[in-house]
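Number of protein chains: 2
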Amino acid sequence: MALQDLRAGTRNEEGIARAMEKLKAQFGERFQTGEAIRHQHAHTLTYIPPQLPDGVVFAESADDVKEVVRCCAALKVPVIPFGTGSSLEGQVNAPSGGISIDFSKMNRILSVNAEDLDCTVEPGVTREQLNVHLRDTGLFFPIDPGANASIGGMASTRASGTNAVRYGTMKDNVLSVTAVTASGEEIRTARRARKSSAGYDLTRLFVGAEGTLGVLTSVTLRLQGIPAVIAGGVCGFPTLRDASNAVIMTIQLGIPVARIELVNALQIRACNAYSGLSLIEQPTLFVEFHGSEDSVKLQSEEFSAVVAECGGGAFDWTSDPQARAKLWKARHDVYFSAKSLRSGCNVIATDVCVPISRFADCVAETEDDINAHGLTGPIVGHAGDGNFHVSLVIDDTDPAELAKAEAFVARLNTRALAMDGTCTGEHGIGQGKIPYLERELGGAVDLMRQVKRALDPDNIFNPGKIFHLD
Amino acid sequence: MALQDLRAGTRNEEGIARAMEKLKAQFGERFQTGEAIRHQHAHTLTYIPPQLPDGVVFAESADDVKEVVRCCAALKVPVIPFGTGSSLEGQVNAPSGGISIDFSKMNRILSVNAEDLDCTVEPGVTREQLNVHLRDTGLFFPIDPGANASIGGMASTRASGTNAVRYGTMKDNVLSVTAVTASGEEIRTARRARKSSAGYDLTRLFVGAEGTLGVLTSVTLRLQGIPAVIAGGVCGFPTLRDASNAVIMTIQLGIPVARIELVNALQIRACNAYSGLSLIEQPTLFVEFHGSEDSVKLQSEEFSAVVAECGGGAFDWTSDPQARAKLWKARHDVYFSAKSLRSGCNVIATDVCVPISRFADCVAETEDDINAHGLTGPIVGHAGDGNFHVSLVIDDTDPAELAKAEAFVARLNTRALAMDGTCTGEHGIGQGKIPYLERELGGAVDLMRQVKRALDPDNIFNPGKIFHLD
Numbered sequence: 002m003a004l005q006d007l008r009a010g011t012r013n014e015e016g017i018a019r020a021m022e023k024l025k026a027q028f029g030e031r032f033q034t035g036e037a038i039r040h041q042h043a044h045t046l047t048y049i050p051p052q053l054p055d056g057v058v059f060a061e062s063a064d065d066v067k068e069v070v071r072c073c074a075a076l077k078v079p080v081i082p083f084g085t086g087s088s089l090e091g092q093v094n095a096p097s098g099g100i101s102i103d104f105s106k107m108n109r110i111l112s113v114n115a116e117d118l119d120c121t122v123e124p125g126v127t128r129e130q131l132n133v134h135l136r137d138t139g140l141f142f143p144i145d146p147g148a149n150a151s152i153g154g155m156a157s158t159r160a161s162g163t164n165a166v167r168y169g170t171m172k173d174n175v176l177s178v179t180a181v182t183a184s185g186e187e188i189r190t191a192r193r194a195r196k197s198s199a200g201y202d203l204t205r206l207f208v209g210a211e212g213t214l215g216v217l218t219s220v221t222l223r224l225q226g227i228p229a230v231i232a233g234g235v236c237g238f239p240t241l242r243d244a245s246n247a248v249i250m251t252i253q254l255g256i257p258v259a260r261i262e263l264v265n266a267l268q269i270r271a272c273n274a275y276s277g278l279s280l281i282e283q284p285t286l287f288v289e290f291h292g293s294e295d296s297v298k299l300q301s302e303e304f305s306a307v308v309a310e311c312g313g314g315a316f317d318w319t320s321d322p323q324a325r326a327k328l329w330k331a332r333h334d335v336y337f338s339a340k341s342l343r344s345g346c347n348v349i350a351t352d353v354c355v356p357i358s359r360f361a362d363c364v365a366e367t368e369d370d371i372n373a374h375g376l377t378g379p380i381v382g383h384a385g386d387g388n389f390h391v392s393l394v395i396d397d398t399d400p401a402e403l404a405k406a407e408a409f410v411a412r413l414n415t416r417a418l419a420m421d422g423t424c425t426g427e428h429g430i431g432q433g434k435i436p437y438l439e440r441e442l443g444g445a446v447d448l449m450r451q452v453k454r455a456l457d458p459d460n461i462f463n464p465g466k467i468f469h470l471d
Numbered sequence: 002m003a004l005q006d007l008r009a010g011t012r013n014e015e016g017i018a019r020a021m022e023k024l025k026a027q028f029g030e031r032f033q034t035g036e037a038i039r040h041q042h043a044h045t046l047t048y049i050p051p052q053l054p055d056g057v058v059f060a061e062s063a064d065d066v067k068e069v070v071r072c073c074a075a076l077k078v079p080v081i082p083f084g085t086g087s088s089l090e091g092q093v094n095a096p097s098g099g100i101s102i103d104f105s106k107m108n109r110i111l112s113v114n115a116e117d118l119d120c121t122v123e124p125g126v127t128r129e130q131l132n133v134h135l136r137d138t139g140l141f142f143p144i145d146p147g148a149n150a151s152i153g154g155m156a157s158t159r160a161s162g163t164n165a166v167r168y169g170t171m172k173d174n175v176l177s178v179t180a181v182t183a184s185g186e187e188i189r190t191a192r193r194a195r196k197s198s199a200g201y202d203l204t205r206l207f208v209g210a211e212g213t214l215g216v217l218t219s220v221t222l223r224l225q226g227i228p229a230v231i232a233g234g235v236c237g238f239p240t241l242r243d244a245s246n247a248v249i250m251t252i253q254l255g256i257p258v259a260r261i262e263l264v265n266a267l268q269i270r271a272c273n274a275y276s277g278l279s280l281i282e283q284p285t286l287f288v289e290f291h292g293s294e295d296s297v298k299l300q301s302e303e304f305s306a307v308v309a310e311c312g313g314g315a316f317d318w319t320s321d322p323q324a325r326a327k328l329w330k331a332r333h334d335v336y337f338s339a340k341s342l343r344s345g346c347n348v349i350a351t352d353v354c355v356p357i358s359r360f361a362d363c364v365a366e367t368e369d370d371i372n373a374h375g376l377t378g379p380i381v382g383h384a385g386d387g388n389f390h391v392s393l394v395i396d397d398t399d400p401a402e403l404a405k406a407e408a409f410v411a412r413l414n415t416r417a418l419a420m421d422g423t424c425t426g427e428h429g430i431g432q433g434k435i436p437y438l439e440r441e442l443g444g445a446v447d448l449m450r451q452v453k454r455a456l457d458p459d460n461i462f463n464p465g466k467i468f469h470l471d
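Read top to bottom, the protein sequences are chains A and B. When we follow this note's numbering, the leftmost residue of the first sequence carries the number 2, and every step to the right adds one. When we follow this note's numbering, the leftmost residue of the second sequence carries the number 2, and every step to the right adds one.
Just chain A, with the same shape it has in the complex (with noise of 0.2 Å):
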């Protein structure tokens, strides 16, 4: 966070209104200066104050990206991928101004090779477009971060979600992007085998890269089958450490749970007004297995016995569709639902990961901390990983408030990295977490700073995100 940090870049006023003319020359009505739509294309979903582009290019091929890119290239102004919008730190601002490119129409899935369990999309295709185009083939895509946000952004930002414990987040199934480069090239990462030990690993060097080294012109992705069963349960602990507890023990036991989410008691009874829930206002275990009916069966008896190890409740599980949809409707809805608990404010939504076996120790220890502040923030968590996110209920326009909501970001980032956590599991730096990348890795950023450097020499690509060159 650290509004401090949003720092406005240097313009380059001049090679702005090059590109503008050149743009507009080109694409005609696809090169869009009007101030709504350039408001919408730095809108986040934080509180992060939005820094509008110059112009946004709808963007309808590769050629498209590569044409943009090199007019901008060739006159130095930044460049800013623009997916769904649904980012949460800043990401698709344009803090030195510059040209958005905005994805929306390069939505085709270009092939789906089911027999591999892969398919290549561009960018602009969405998680849910993707899962109904896939559903016949017996497929599909697990990633699920939430938002509906593209498959673009997600690779962008290093995205996971509820069901990372069991599939891993963008990094392990991104299989290989082809991207436009500073040169204006368009390269390819990888091939399509399922393994490689072919040089760098330039994929995983554009997954959660932000836009900063390149833009993605395609993404291809590792799928799964859709499982014959799923089914799922909830699940009471009398304190937040039990349910951990019971965490860390499915891990060891390798338990292939799904999804496995902590919701703090304060999130509960939000879920409960506003997801018409009646739980228990305690800490609880949203569960989810997948497999065979054999197999479902027999994960939930051994996760059953977990839960009575360590003092959890009863555990119904069931792989009714209905029951199953209304829980997990109530798990996604948590931004809405902590919205909900105070009226006429925002939600800030903040996320940390820390090692499993602090997980209890962060949790708890923020727990305290929004108390003693008179803060209030629900917490609910992808507990498998040890990532929690924190929604800070605020009223947004009141600086005081938002003074002491950066200031909790602040020591609930501290605290994460005294654990040897990290100050995003999945939310990616953006503006927001610059500060804390630095605290984190220290000498690493460097080389960070000297890869962009090497890739993206003028600055173009995403400039102000991720950490400051200067």
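None of these hints come from the bench; they were simulated from the model. Using N, Cα and C, we set each Cβ at its ideal position, and we do this for glycine too. Warning: the hint list may mix true and false statements.
[Claimed, not checked] Listed next, with one range per pair, are the computed distances between beta-carbon atoms:
hint, chain 1, residue 1, chain 2, residue 2, range
1, B, Gln27, A, Gly444, 19 to 27 Å
2, B, Thr138, A, Asn149, 36 to 44 Å
3, B, Pro458, A, Glu402, 44 to 52 Å
4, A, Glu14, B, Pro50, 54 to 62 Å
5, A, Lys77, B, Gly35, 53 to 61 Å
6, B, Gly312, A, Gly277, 49 to 57 Å
7, B, Lys77, A, Gly444, 21 to 29 Å
8, A, His40, B, His469, 44 to 52 Å
9, B, Lys77, A, Thr415, 37 to 45 Å
10, B, Glu294, A, Pro239, 26 to 34 Å
With chain A's structure known, arrange chain B on it following the hints.
Using the frame of chain A, we list chain B on its own:
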């Protein structure tokens, strides 16, 4: 392969002489220059001729590594990290001379965090050493490339092996590394959280970089719970395609098979003779399941159904450790059993990896190629990944045979690339695969060069590997 590409680099004679003097003064007996030791440190398990370093430092700490790198960086002298010397593509050769850093004395296990399922080790720790150390914790490190390689070497070549189909490769199992960079400073690429989206994925950049971007000083690894039960068996198929179809179906159904290895008829004959098995000489799958007693039973039954559907023979599985051990020892000994097919000959182990839908085609065409050219080359494959090895059994003192082998490897790589595969699934590029990397990734190799130049401007780290800079 392509011996013509094993260039001798330019030697910086003056720098090397001064570095030798300084290192002798600094390290005394821990700096060795005898021919036998230098030869051993350029040893490779393939036909690639050794190119000796000028001296070998036996490092005992990260500080030692820093001292060597600082000395060599100041004098622009190559630094080549050395684990156990089990790499297969000339990774430890010193084409421009320079200093080999031997890690056999940096073999401490620095920490094991059982609850977090991770550990941190020095690069010289071998995988067998680590697994013996871990035994009492109930955990194990799953990556098994066959050789008792060092963890540093395995990270650097992005190794994998028989159980990557379930547990992934080194890419998936390294949480972070510390490395000494060209500035002589030690950086840490990530914290210990199981996932992170904090900045560029430097961990994955070092994994597979073959020591060309810096020298690893420690590796933090993900661990797995030792399965309560391990079961497995073998199953023959009339054709390669039937066996491959069984693999594809197994993966698509999400049966969490831990190993699924294809062994071709010739290799079965070699195993029967060398390892005292009595299998029918036909394409055969070796499979293994990890889990609870109920879970492995379920997996075995699900797999049996797949086998039946794909026309396979009887699938007998067992969780008896002795029967399993004999089987997998035979699988691990394929190098030796292949070698025994022609007395007085050596084995060239090569590897490619293709999308799984092309696996049967690629293996079948490769068998035909071997037969058409009168070569002896049994095949084993990590079928679940589409990765396979040919063990060419040749008289490598005969230039004509060597040339025939090289021509075969060229055709094998051309075939894999034409199927959208990679020239190496797990051995790395080293020197032997340099020309194929260029054909595989084209312009992306230029990006690798840009990264290399940025992080190692004087090209001191393992020069002449992965790509040529000029």
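Structure-based check of all given hints:
| no. | hint | result |
| --- | --- | --- |
| 1 | B/Gln27 to A/Gly444: 19 to 27 Å | holds, 24 Å |
| 2 | B/Thr138 to A/Asn149: 36 to 44 Å | holds, 42 Å |
| 3 | B/Pro458 to A/Glu402: 44 to 52 Å | holds, 49 Å |
| 4 | A/Glu14 to B/Pro50: 54 to 62 Å | holds, 60 Å |
| 5 | A/Lys77 to B/Gly35: 53 to 61 Å | holds, 56 Å |
| 6 | B/Gly312 to A/Gly277: 49 to 57 Å | holds, 53 Å |
| 7 | B/Lys77 to A/Gly444: 21 to 29 Å | holds, 22 Å |
| 8 | A/His40 to B/His469: 44 to 52 Å | holds, 49 Å |
| 9 | B/Lys77 to A/Thr415: 37 to 45 Å | holds, 42 Å |
| 10 | B/Glu294 to A/Pro239: 26 to 34 Å | holds, 31 Å |
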